Amino acid sequence: MNSVAKLLAFIFIFTISAVRSREIEENVKFFKLNEKVIYDCVDIHKQPSLSHPLLHNHKIQMEPSFSIPNPKYKGKKGNKIKRTIDCPNGMVPIQRNTNEYVANGKYWAEKHSTPLTVESHETHFAGVRTQDKSPYHGLAAWMSVHDLNVSNDQISYTAIYVESGVNNKVNSIQTGWMVNPSLFGDNRTWSYGFWKGANGAGCYNTICPGFVQVSKTDLLSAPFPYPGKGQGERAVYTSILQDKITGNWWTTYVKYRGPDTHIGYWPKELFDLIANSVDMVGVTGAVRASSSGISPPMGNGLLPTEDEKASAHVKNLEILDSEFIVQESNKYNSEKVLDNNKCYGLKDGKKGISFKESILFTYGGPGGDSCGI
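Letter by letter, the sequence shown follows residues -21 to -1, 1 to 352 of mature numbering (1 follows the signal peptide of the UniProt record, and there is no 0).
Worth flagging that the hints you see were computed from the coordinates, not collected in a lab.
One or more hints might be untrue.
DSSO-like, lysine-lysine: derived pairs with alpha carbons at most 30 Å apart [as the list claims (entries may be wrong)]:
| id | residue 1 | residue 2 |
| --- | --- | --- |
| 1 | 288 | 247 |
| 2 | 148 | 38 |
| 3 | 310 | 90 |
| 4 | 315 | 326 |
| 5 | 25 | 247 |
| 6 | 315 | 195 |
| 7 | 223 | 112 |
| 8 | 234 | 148 |
| 9 | 25 | 223 |
| 10 | 234 | 112 |
Cβ pair distances, simulated, as ranges [as the list claims (entries may be wrong)]:
| id | residue 1 | residue 2 | range |
| --- | --- | --- | --- |
| 11 | 166 | 284 | 23 to 31 Å |
| 12 | 318 | 251 | 25 to 33 Å |
| 13 | 85 | 196 | 40 to 48 Å |
| 14 | 345 | 46 | 17 to 25 Å |
| 15 | 225 | 270 | 25 to 33 Å |
| 16 | 330 | 22 | 32 to 40 Å |
| 17 | 347 | 238 | 14 to 22 Å |
| 18 | 30 | 347 | 37 to 45 Å |
| 19 | 38 | 14 | 31 to 39 Å |
| 20 | 82 | 8 | 23 to 31 Å |
| 21 | 165 | 271 | 18 to 26 Å |
Every value quoted in this text rests on a predicted model; they were computed, and no experiment measured them.
Beta carbons: idealized from backbone N, C-alpha and C, even for Gly.
With the hints as extra help, turn the sequences into a complete structure.
In structure tokens:
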């Protein structure tokens, strides 16, 4: 083969390789979770959150400086969120902000109430919170996950949260699971994140700049798999923890086996009241009624009973104290929050052999048109 032929062969092979590389890159460029929710793989250093005015000089923290003690259970393990995305190295999944998604997100963010004040219009809560021995640097909790029948003008969710408030101003971070057909485009149960920072406006997921995505596979907001035979109850063990070195607020999925999944964080620069610590932590079930006053179901849609396994429940609430030491929640005086006992219930859980085998509380209810607004 002469030199010209070799050159032509090289050009041909190079061209085919380049085309295949582009095809592979295009195939992993985006992931469609349903008709309304699409995730694009974006350069981690070019993700939209870094365009926030308070984050222009922000340096991405690739992993937190802490670790969470793994829970030890003897029974069946909770279900995991099924991985549907795997971006290339150096890229992270960012939800595509369509006009409809942004509009719906802003609408619900304006209506999203904080557990700091239980007198929130059209919203009902059932959970526990503590301000004892504050300040805090976060919490983690295990929450059962359920499917619910919720209309387009209602939402139902269960979440852990960290908050501080001064006068009428609140800084807050929440994460957990939610049924919100208007926001997500279906009636499935999704994981979600919500924050309210220095500018006073609330924001879901990555609808507005703020949350910094770090994981290339696991999402802040994704649908939970439908329950399968022999898989045990569905659950999520999640956390909101402040990094002692950077002050960033990380959310992490705690796993029973293998390393935890650090999804990402809300940078401390976003907040003026919780940049250094928070005054309140808690976990709650919550609903938002329709404009007609009909409240959706909460938890698993049933009032809690003596059969704890048949009720929505929370356990393993652990608190990161003022010294950044993980403490069991039974070391604190907690306040029960139940603003409507006509449609929802809240019961103390039974103590097990150990803290990690004890249920903290059961909660939930059917909702309806007699709950009051």
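Cross-check of the supplied hints:
Only pairs whose Cα atoms come within 30 Å are accepted, and residue 288 paired with residue 247 is rejected, the gap being roughly 38 Å. Proposed proximity of residue 148 and residue 38 is supported: the alpha carbons are some 28 Å apart, at most 30 Å. Between residue 310 and residue 90, the direct Cα distance comes to roughly 34 Å. Violation of the 30 Å bound is thereby established for this hinted pair. A C-alpha spacing of about 9 Å is found between residue 315 and residue 326, which places the hinted pair at or below 30 Å, so the restraint holds.
Taking the CA atoms of residue 25 and residue 247, the gap is about 19 Å. The hint holds against a cut of 30 Å. For the proposed pair residue 315 and residue 195, the alpha carbon gap of about 38 Å is over 30 Å, so the pair is violated. The straight-line distance between the Cα atoms of residue 223 and residue 112 is roughly 18 Å, inside the 30 Å bound, and the hint therefore holds. Between residue 234 and residue 148 the alpha-carbon distance is near 35 Å, which puts this suggested pair outside the 30 Å criterion.
A threshold of 30 Å between alpha carbons decides the hint, and for residue 25 with residue 223 the separation of about 26 Å falls inside it, so the pair holds. At most 30 Å may separate the alpha-carbon atoms for a hinted pair to count; residue 234 and residue 112 meet this at roughly 28 Å. For residue 166 and residue 284, the Cβ-Cβ distance of about 25 Å falls inside the hinted range of 23 to 31 Å, so the restraint holds. At about 28 Å, the beta-carbon gap between residue 318 and residue 251 stays in the expected band of 25 to 33 Å.
Checked against the hint of 40 to 48 Å, the pair residue 85 and residue 196 fails, with Cβ atoms roughly 28 Å apart. Between residue 345 and residue 46 the Cβ separation comes to about 40 Å, which falls outside the hinted range of 17 to 25 Å. Here the CB-CB span from residue 225 to residue 270 is close to 42 Å, at odds with the stated 25 to 33 Å. A hinted range of 32 to 40 Å is violated for the C-beta pair residue 330 and residue 22, which are about 50 Å apart.
Checked against the hint of 14 to 22 Å, the C-beta distance between residue 347 and residue 238 comes to roughly 44 Å, which is inconsistent with it. Between residue 30 and residue 347 the CB atoms are about 44 Å apart, so this pair conforms to the stated range of 37 to 45 Å. For the hinted restraint 31 to 39 Å between residue 38 and residue 14, the CB-CB distance of approximately 37 Å keeps it satisfied. Between residue 82 and residue 8, the C-beta spacing of about 25 Å keeps the proposed range 23 to 31 Å intact.
A beta carbon spacing of about 22 Å between residue 165 and residue 271 agrees with the range 18 to 26 Å that was offered as a hint.
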